[in-house]
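For the record, the sequence lines run as chains C and F.
Using the working numbering, the first residue of the first sequence is number 1197, and each one after it goes up by one.
Using the working numbering, the first residue of the second sequence is number 122, and each one after it goes up by one.
Hints were generated in silico from the structure; no laboratory data involved.
Check before you lean on any hint, since a few could be wrong.
What the hints assert, rightly or not - Residues from chain F that keep clear of chain C, each with C-beta distances beyond 12 Å, as calculated: (1) 128; (2) 131; (3) 138; (4) 139; (5) 236; (6) 243; (7) 348; (8) 366; (9) 393.
Claimed, not checked - Here are the computed distance ranges between Cβ atoms for each label pair: (10) F/271 x C/1699: 31 to 39 Å; (11) C/1699 x F/283: 41 to 49 Å; (12) C/1235 x F/400: 42 to 50 Å; (13) F/190 x C/1808: 55 to 63 Å; (14) F/369 x C/1392: 52 to 60 Å; (15) C/1463 x F/360: 52 to 60 Å.
Glycine included, every Cβ here is placed at the ideal spot set by N, Cα and C.
As a plain string of letters, each chain reads:
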Amino acid sequence: MDYREIDPFAEGFFENEDAEIAERIGLSLLRAAPFIKIEFDRNIMPVVDARSHGFGGGFSYGMGFNYEGDGRDDAVAAHPEFKDRIMENDSKYNRYKAAAHDLPRYEKYSALESGHALWGGGWPGHSNPDFGRIVNLGTDGIREIINKYKSINTEDSDWFYRGCSYTLDAIDILGERFRALAEKLAAVCEDSDDKKRYEDAARAFSVVPKKPAYDFTSACLCFWMIFTFDGTDSPGRFDQYMLRAYEATDDRDAILDALSRLWECFHDTRTWNLCISGSDENWNDMTNGLSYDILRIARERKYETPNLTMRVHRNTPEKLWDEAAETLASGIGMPAIYNDEVVCPALEKIGIPPCDSHLYCMNGCNQIDIMGKSHMGLEDGEVVFAKCLEYALWDGFNDVTQRFESIPTGDAATFTSYEQMERAFMRQLDYITYMACEAANMCQQTRGLYQPNPLRSCLIEGCLERGVDYRNGGPLYNHGQILAEAIADTGDSLWAIKKLVFTEKKYTMAQLLDALKANFEGYDELYHDFSHCEKFGNDSEDVDEITSGIVNRFFKVLKRNHTYRGGVYTGGCSPDDRAANYGANIAALPNGKKKCEPLIADSIAAVPGCDTCGPTSHINSALRYDHKNCCSGFIFQMKFDKKVFCTPRGKEAFKNLAKTYFAGGGQQYTATVVSPEDLLDAKIHPEKHKDLIVRVGGFSGYFVELDEGLQDNVIARSFIDMGV
Amino acid sequence: MGTVFNIQKFCLHDGDGIRTNVFLKGCPLKCIWCHNPEGLFRTVSLSFTASRCTLCGRCLDVCPARRIEDGALVIDREQCTHCGRCVDVCLNDANELLGREVTADEVMRDVLKDRMFYERSGGGLTVSGGEPSYQPEFTLDLLKRAKAENIGIAIETCGAGPRLFFEKAADLNTTFLYDLKCMDPDRHRKLTGSDNKAILDNLEYLFSRGADVRIRLPLIPGINDRDEDIDALCSYLKEHDGKYRYAEIMPYHTLGTGKERKLGNEPRYEAEAANEEDKKRWRARFEENGVSIRISE
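Just chain C, same shape as in the assembly:
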């Protein structure tokens, strides 16, 4: 049966239904390769459009069958048995998920999820495949790896290697098709520059992807082809794995031409995260010419993607700092700066040796990954601290959904000491964290068993070496990351309770609970007192200690949970693009947050508007967290008035703040450069500010495209009056 008109992937998939799933996916790629839609886009870069096929669209993120509404309805109708076969396979390969849904445990999880307390395992996550393997070794080089390890791993993994080999063959076919297409287009192209680009592409694809790239242009073409085939995730340490090709190219114009075309592609596809610079395990600096070229092009183009991150350490050249400050001052909110001195030890704490911890890069918004060696979840789940507090105050009851969702931890009105209150909260936090890990593991198992990804298995170290798929524990490191949300809100609330109820005894727990129930209506004085307690972000030791204490507890509990893939769970904090949504589903809190008000803390920073003592105090507070416990991004960002930041003094101050923060043990730092007037005006006249980029949590976005709650959040977030 020929299903090619419906989906070129289907043919190979049904060719041998008795084979293991990894082999079937590899075979479907191979059979589809001659037919998958390919094109040179407007930048004359090669794009593999696997996503336009229902099956192919899902393969890189997991096997998916979804043909509804994608224009193939007629073709599907012409082959009624096709759908049956799809459905049969769907239920076969998703049976674990189906079974998991029947578990009582799953019901508990789903109640918590719909109560906005957590989520777990909802999506397969990012990773950073080592594109350098294709660019610098070629598929032939990867075949050598396969041959080497296939003979070692003799026990029942031939099917896995066959799946990978088919995938490499599919890549070669795509390369050959690009060569032919480029030749054809070069012949008819009238623009002399573009004609040359097509000719270059034709020449490049007569070598890549089978053999290593020979110059920067061929490396970029090869990279982009694989990157789009993989599903446009994150380029990772681009300035490192492209360096060989970059240095092999003398023609500066060719380098800049290729880089700027690639940059347009990143923008067109909303590419995730690109990381520059960093140190090796001996703290040698890895900055190179390409690192600087990337900072410059980011500054010129002012695009909000890719999410640009930069690694710094003890030997980072001053010039790189200056270029970074210059780039930040252009207003793009990037690069986000990461501190090797903290990230590497944090990774070493979970057992990643220095030779690999120094290979880290960022993925997605702000999560940390080991380039080409890991599947770290990114992210596996999320825990909303403020909801845990709500459960602790209401004995497991969710005041927004009006349901009992969590475990009972006692009637808070009867608590006679702060320790009781804290214990109730910690028990809720432990439980929610555990449930997030459990849910993530259920989903990981489904994916591990039934949704292999042979392309990533070829590009991530450990998979070919062990003969185990990328999703099934193949990579060298298989840790998981659960992120925390609403940290400072919770710390502020606990401190307010400790101070006003148990220390000063100005109010009773019962009074507080009544006020919270009433959303503070009619409790003006109580509201004033609770909302005016010391807040996190002002270098006030008591409240900072409580806030960092709950984060430490979270990390400690996480590390006791293991991932299905074979690692431990670690944590970080969420970017606040989700904060508004969570805030809108949280009841009134003792820090004065009103019921369902979207404004909640951004990542590890203070609740917006609560850091009233300026950036140095805010930094001192943030340094009370133990950043070396955090293996996912620990985001800390500040907003600077554009007109001041752009002065030499402002840039110098930024560098000094960042360096002090890092010397004090901070993990990540970045600055947004906008004026308050810009933001307020942008809210009223969005059409006039379409170019206004703000950094929200781990990413930069167009302000006018944010929803209103988030816009307010961005506006309220610590404005910094630079000492006027």
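Since the structure of chain C is provided, determine the placement of chain F on it from the hints.
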């Protein structure tokens, strides 16, 4: 003990690096444009922000000096004893007492919280005001302690203070951010309430000591920025060229007027903030006179 009305972290424009400014209450001058009117007097001041007041009446219960008249809260400032009860009962943060008695220890504990930033950036403590020399012993105490902690020390001064203070401050190698408002003594008196003799004497004393002096020129459009004012400043600066690190114009801004109203006073001077035109004109005039000048950001 000293009287402080604000401790501001992360100041970038009052000396080198990242600094903490400690604002002391009380000043011998009464410049009509003063941008820190809450620092004019050593006594505690009550600042009332009318826009926050909801006329709830809670403060009326605790304060006989207050009444509501024509839909607005009226405070009889003569009767106010600065007891602070209005601050305690107000749920809208409309009332604030400015000026608290603190020990040098307390101030330094707060200042030293940012030590890391000073060390990295070459910053430190700047004592400002008001006028630091108005509380000379307290200021010198702070400067001494900061110096012992190896952080940078500076004062922002109008120069109208006892010579002994400047002698001792210079002994500590303090950086002086030194205001020159007007060269003509009579007009100086008119604008600030006192002539400039002591100011110039002290400045020349600091010059003679080779102290680190940075001249600041608060220019108020239409008040002290006429051509002859600038020419007079220029000839003074030229005469003392090389004795100061740099001279910097502080363009007039309107922050002071709102503060005056909150203190219950009508601003003695009110105008638009200096604009780009003013700055262009100033720069040109200084250049014509051959004096190199900075204009504060």
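To see whether the hints hold, each was checked on the structure:
1. Listed as outside the interface, residue 128 of chain F is inconsistent with that label: its C-beta sits roughly 9 Å from the nearest C-beta of chain C, within the 12 Å cut-off.
2. Against chain C, the non-interface label of residue 131 of chain F is violated: not every CB pair exceeds 12 Å, the least being about 4 Å.
3. For residue 138 of chain F, the requirement that its beta carbon stay farther than 12 Å from each beta carbon of chain C is not met, with the minimum near 7 Å.
4. The non-interface label for residue 139 of chain F is inconsistent with chain C: the shortest C-beta to C-beta separation is roughly 6 Å, within 12 Å.
5. Residue placement check: residue 236 of chain F does not keep its beta carbon more than 12 Å from all beta carbons of chain C (closest about 10 Å).
6. Not every Cβ of chain C is farther than 12 Å from the Cβ of residue 243 of chain F; the closest lies at roughly 9 Å, contradicting the non-interface assignment.
7. At roughly 29 Å, the least C-beta separation between residue 348 of chain F and chain C is larger than 12 Å, which holds for a residue marked as non-interface.
8. With a minimum CB-CB distance of about 15 Å to chain C, residue 366 of chain F clears the 12 Å threshold, and the non-interface call stands.
9. Its beta-carbon lying about 17 Å from the closest one in chain C, residue 393 of chain F satisfies the requirement of being farther than 12 Å from that chain.
10. Here the CB-CB span from residue 271 of chain F to residue 1699 of chain C is close to 37 Å, well matched to the stated 31 to 39 Å.
11. Separation of residue 1699 of chain C from residue 283 of chain F is about 46 Å and conforms to the stated range, judged on CB atoms against 41 to 49 Å.
12. In this structure, residue 1235 of chain C and residue 400 of chain F break the distance hint of 42 to 50 Å, their C-beta atoms being roughly 55 Å apart.
13. Separation of residue 190 of chain F from residue 1808 of chain C is about 33 Å and departs from the stated range, judged on CB atoms against 55 to 63 Å.
14. Separation of residue 369 of chain F from residue 1392 of chain C is about 55 Å and conforms to the stated range, judged on CB atoms against 52 to 60 Å.
15. The beta-carbon spacing between residue 1463 of chain C and residue 360 of chain F, approximately 59 Å, falls within the hinted interval of 52 to 60 Å.
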